[in-house]
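S.K.: Listed in order, the protein sequences are those of chains A, B and C. Counting from 1, position 242 in the first sequence corresponds to residue 431 in our numbering; the numbering is continuous, with no gaps. Counting from 1, position 230 in the second sequence corresponds to residue 419 in our numbering; the numbering is continuous, with no gaps. Counting from 1, position 205 in the third sequence corresponds to residue 394 in our numbering; the numbering is continuous, with no gaps.
FYI, nobody ran anything at the bench for these hints, they're computed from the structure. Heads up, a few of these hints could be off.
Where chains are identical, the list cannot tell them apart; a pair therefore holds if satisfied intra-copy or between any two copies.
Derived DSS-like pairs (lysine-lysine); straight-line CA-CA distance at most 25 Å [stated by the list, open to error]:
1) LYS237 - LYS484
2) LYS215 - LYS276
3) LYS534 - LYS522
4) LYS237 - LYS276
5) LYS522 - LYS506
6) LYS522 - LYS532
7) LYS489 - LYS506
8) LYS240 - LYS484
9) LYS506 - LYS484
10) LYS385 - LYS276
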Amino acid sequence: MTRPTYRLADIAARFGGSVMGDAETKITQIATLDTARAGEIAFLANAKYRKQLERSQASAVILSAADADATTLPRIVAANPYSYFAKLSAFLNPLQGYAAGVHPTAVIAQSARIAPDAHIAAFVTVGEGATIGAGSVVMAGCIIGEGVEIGANTRLYPRVVVYQNCVIGSHVILHSGVVIGSDGFGIAMEEGRWLKIPQIGRAVIGDHVEIGANTTVDRGALADTVIEEGAKLDNQIQVAHNVRIGAHTAIAGCVGIAGSANIGRYCRIGGGAIILGHLQVADQVEVSSGTIITKSIREKGTYTGTFPFDDNHAWRKNAAQLRHLDDMSDRIKRLEQEIETLKEKSQ
Amino acid sequence: MTRPTYRLADIAARFGGSVMGDAETKITQIATLDTARAGEIAFLANAKYRKQLERSQASAVILSAADADATTLPRIVAANPYSYFAKLSAFLNPLQGYAAGVHPTAVIAQSARIAPDAHIAAFVTVGEGATIGAGSVVMAGCIIGEGVEIGANTRLYPRVVVYQNCVIGSHVILHSGVVIGSDGFGIAMEEGRWLKIPQIGRAVIGDHVEIGANTTVDRGALADTVIEEGAKLDNQIQVAHNVRIGAHTAIAGCVGIAGSANIGRYCRIGGGAIILGHLQVADQVEVSSGTIITKSIREKGTYTGTFPFDDNHAWRKNAAQLRHLDDMSDRIKRLEQEIETLKEKSQ
Amino acid sequence: MTRPTYRLADIAARFGGSVMGDAETKITQIATLDTARAGEIAFLANAKYRKQLERSQASAVILSAADADATTLPRIVAANPYSYFAKLSAFLNPLQGYAAGVHPTAVIAQSARIAPDAHIAAFVTVGEGATIGAGSVVMAGCIIGEGVEIGANTRLYPRVVVYQNCVIGSHVILHSGVVIGSDGFGIAMEEGRWLKIPQIGRAVIGDHVEIGANTTVDRGALADTVIEEGAKLDNQIQVAHNVRIGAHTAIAGCVGIAGSANIGRYCRIGGGAIILGHLQVADQVEVSSGTIITKSIREKGTYTGTFPFDDNHAWRKNAAQLRHLDDMSDRIKRLEQEIETLKEKSQ
Chain A
190 MTRPTYRLAD IAARFGGSVM GDAETKITQI ATLDTARAGE IAFLANAKYR KQLERSQASA
250 VILSAADADA TTLPRIVAAN PYSYFAKLSA FLNPLQGYAA GVHPTAVIAQ SARIAPDAHI
310 AAFVTVGEGA TIGAGSVVMA GCIIGEGVEI GANTRLYPRV VVYQNCVIGS HVILHSGVVI
370 GSDGFGIAME EGRWLKIPQI GRAVIGDHVE IGANTTVDRG ALADTVIEEG AKLDNQIQVA
430 HNVRIGAHTA IAGCVGIAGS ANIGRYCRIG GGAIILGHLQ VADQVEVSSG TIITKSIREK
490 GTYTGTFPFD DNHAWRKNAA QLRHLDDMSD RIKRLEQEIE TLKEKSQ
Chain B
190 MTRPTYRLAD IAARFGGSVM GDAETKITQI ATLDTARAGE IAFLANAKYR KQLERSQASA
250 VILSAADADA TTLPRIVAAN PYSYFAKLSA FLNPLQGYAA GVHPTAVIAQ SARIAPDAHI
310 AAFVTVGEGA TIGAGSVVMA GCIIGEGVEI GANTRLYPRV VVYQNCVIGS HVILHSGVVI
370 GSDGFGIAME EGRWLKIPQI GRAVIGDHVE IGANTTVDRG ALADTVIEEG AKLDNQIQVA
430 HNVRIGAHTA IAGCVGIAGS ANIGRYCRIG GGAIILGHLQ VADQVEVSSG TIITKSIREK
490 GTYTGTFPFD DNHAWRKNAA QLRHLDDMSD RIKRLEQEIE TLKEKSQ
Chain C
190 MTRPTYRLAD IAARFGGSVM GDAETKITQI ATLDTARAGE IAFLANAKYR KQLERSQASA
250 VILSAADADA TTLPRIVAAN PYSYFAKLSA FLNPLQGYAA GVHPTAVIAQ SARIAPDAHI
310 AAFVTVGEGA TIGAGSVVMA GCIIGEGVEI GANTRLYPRV VVYQNCVIGS HVILHSGVVI
370 GSDGFGIAME EGRWLKIPQI GRAVIGDHVE IGANTTVDRG ALADTVIEEG AKLDNQIQVA
430 HNVRIGAHTA IAGCVGIAGS ANIGRYCRIG GGAIILGHLQ VADQVEVSSG TIITKSIREK
490 GTYTGTFPFD DNHAWRKNAA QLRHLDDMSD RIKRLEQEIE TLKEKSQ
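Excised from the complex, chain A in its bound form (with noise of 0.2 Å):
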């Protein structure tokens, strides 16, 4: 297939920004600084890649005024050089399209409703009063339970499953392997067995969500499960029952969210990170990679609590002082007093 080709001063007019050199370079792609070639543009958000820069084959590039001067390569001055990439990157690269309709082979309950416009793909199946907004893609083998709610111009990649009565918005991607409203894990243990808590809460995506592949987000107990619109989450994650994730928070992959932990807007999580249950996450909080939430954060800020990797030999002796901790600081108080006791005397 042949791609459209841009001129710099065709894509200013749409995007912003000042060209510097040659406006009339043709460009079709995006790319990195490193693998770029002709008729690729290229992005510097960062000084530190200045180096990349210079060696960099690309036909133009975009960068910020302080880097302007940086290069002699065609180039678009932007205020922001990496949200210009998305949105040039999204505009060159749209999302597939597919065609409206219903494969044959899927397995639709007759009470479901699915705009004219939306595409169900192969090997799906939809619930008695489902409903499918205009525009939305549910690829092959998804499975879409019963009374579920799924927004316009949404896209479910292949094989996500949403159990019944969960609710998904609009403009949101589920990718594949995706688990939407699965129980929540409730159990009371009543003479030496557990008896299960039947989890008759839904699960609410907001618009705008994305969810990475094989994330899980459990139904809530009672209450709903919320994930707020345009919150992003990776792949991996695990979301459990009625927990709240507020706004355009970003979390990472492989990070575990208890029980009804409340996650405030705006806030990123790092990968791997743990997030105990019934807790309280501010606004504008950062969850470094690794770090375990043990209880709630009231203020914005950034938060860690992991332990610096050593090479294994200075990390087995330095570890083995952990469980001296505690007594390494009774003697150092106990020392504190006797070099008092001394300086007395000898005073």
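Since chain A is already given, all that's left is putting chains B and C on it; use the hints.
M.R.: Just chains B and C now, kept in the frame of chain A:
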């Protein structure tokens, strides 16, 4: 749909406990103290939620004798309000029933035996020699391998995979995306490349086990991987080959259990914990969230090993000292000796 | 089914090693020292299992020269008993064969090219322009995107998804629930909302790679995500966009690898480890389970950073001091100075 209604007196007659206040109060559903409306019963399992009790709109409450006077609402006084709630909720919210029969799209091998009252949904495959017991439900897109045995009244949510020859007991629940019996991670290095070690054991899942969404249980390398009856596993857990999980042990989300670990009965493993391979964990051990178990635990109790989080600036300052702990310990020892010398001199 | 039987002499003729004891001993299967019965051969790869050797009911044993006299059982003495076991087990337990052909329920795009002897099972979809090589097996419910290339003798277990244009080599094994080529976590903040960055690279999986159940490998943002030949990945691993994993590296379960991390050859990454993005890990690096790698590792060796677990009471006491480490360090320094002053005075 209209939900059936029960009087408090009916409920107490069925599940025990004593009614205080109007025994004619009508109940149709269960809810939290915060969200309950007219016709709903809430519960107080922990005195610290008494504040919510005060402002609750519930029609009635389940609580313990110790909390019986904390409200004037109609109430049921029960020995264990939480398990009472579990049983009442299960009664008010019975599992959805599924009609007996095999969906016409399902692909069933000739020698498979499926109980007449089992439910086999769309796009299921069942391999040669597999058996599915009475009353079991296999939802859309499940793949049941050759020779698999599934007991009675077991429920597989959509898109579960069970590899060949594995055994699933009765009254088991497997949530979407669960994989049972995939190959364990068995490799042997020879001359610079890894040889694959065939995984010829099975995965054997006991009765009344529940396994959460996207959890994986590998088959054994030679002998079997075993999850004993009544164990409860949350989402996104990895159970490696030849692990044994004792009866009634509960494991929270994102836990990883390495090969041949042997975990006792009635243990509770917190979210994100890692249990290394070839070790023993005694009965009734509780492992805190995020803890890495690196050696066997012989005594029941609670075990923890996590780095307390802090604001990033404070963490950075303190964590930097971890690399000097061994040195700090030496310096304290030296100080103690020098103090002794000085004290002797000063006498 | 009757299993074929081999004499120890046959086995040594095929795989090397020297027979001690009755070379006519008949072997049909391999087993552990503990579980082996008549007709089964066990192996001793580590002298610490000699106790199990003593009471083993195996008909024969594979062991090293150093352990050759630890039993009177018929035995094969081999340089590397573990890889010997791997090869013998692969011989005794060949992979199940699958008949050539495409299941009638599969949905194959017109321009897809499928080798005549490949096996395509029920409910598989293969997109336009995709190719599947000779002898490859695609099990039930797999979704193969447009333009995907799959090499020869590769095996996809049920419910694998490969997104468009990704490349899977030959002799690859992908277990159930694996997702290859989902979008990486690429977002840019602009005016309070996240813009999605199109992920236009591919995921490229080398020959002889094995990937465990429910592991996810994201496609590259601009350039490709690459897993080199012979790498072995366990279950529930997350490989982010633009990661490179070197040849023959082995990664245990639940590991998370953040974007653009570049991991060397012949590394071993322990379960639950987290490797942050944009860093280099040298060849032959071993990372301990649960360790968080926060900066590049330039030298081969073993690296660790975990908090040793303890009983909760002891942990609590010692962990509380972590927040005072920097202060403790200062106090030790001050004590050392004061001791010096006192020593000078007392001279």
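S.K.: If a hint holds in the structure, say so; if it doesn't, say that too.
M.R.: Here's how the hints hold up against the structure:
| no. | hint | result |
| --- | --- | --- |
| 1 | LYS237 - LYS484 | between (36 Å within a copy, 16 Å between copies) |
| 2 | LYS215 - LYS276 | within (18 Å within a copy, 57 Å between copies) |
| 3 | LYS534 - LYS522 | both (19 Å within a copy, 22 Å between copies) |
| 4 | LYS237 - LYS276 | within (23 Å within a copy, 50 Å between copies) |
| 5 | LYS522 - LYS506 | both (23 Å within a copy, 16 Å between copies) |
| 6 | LYS522 - LYS532 | both (15 Å within a copy, 17 Å between copies) |
| 7 | LYS489 - LYS506 | between (36 Å within a copy, 20 Å between copies) |
| 8 | LYS240 - LYS484 | between (43 Å within a copy, 20 Å between copies) |
| 9 | LYS506 - LYS484 | between (30 Å within a copy, 18 Å between copies) |
| 10 | LYS385 - LYS276 | between (48 Å within a copy, 8 Å between copies) |
No hint from the list above goes unmet by this structure.
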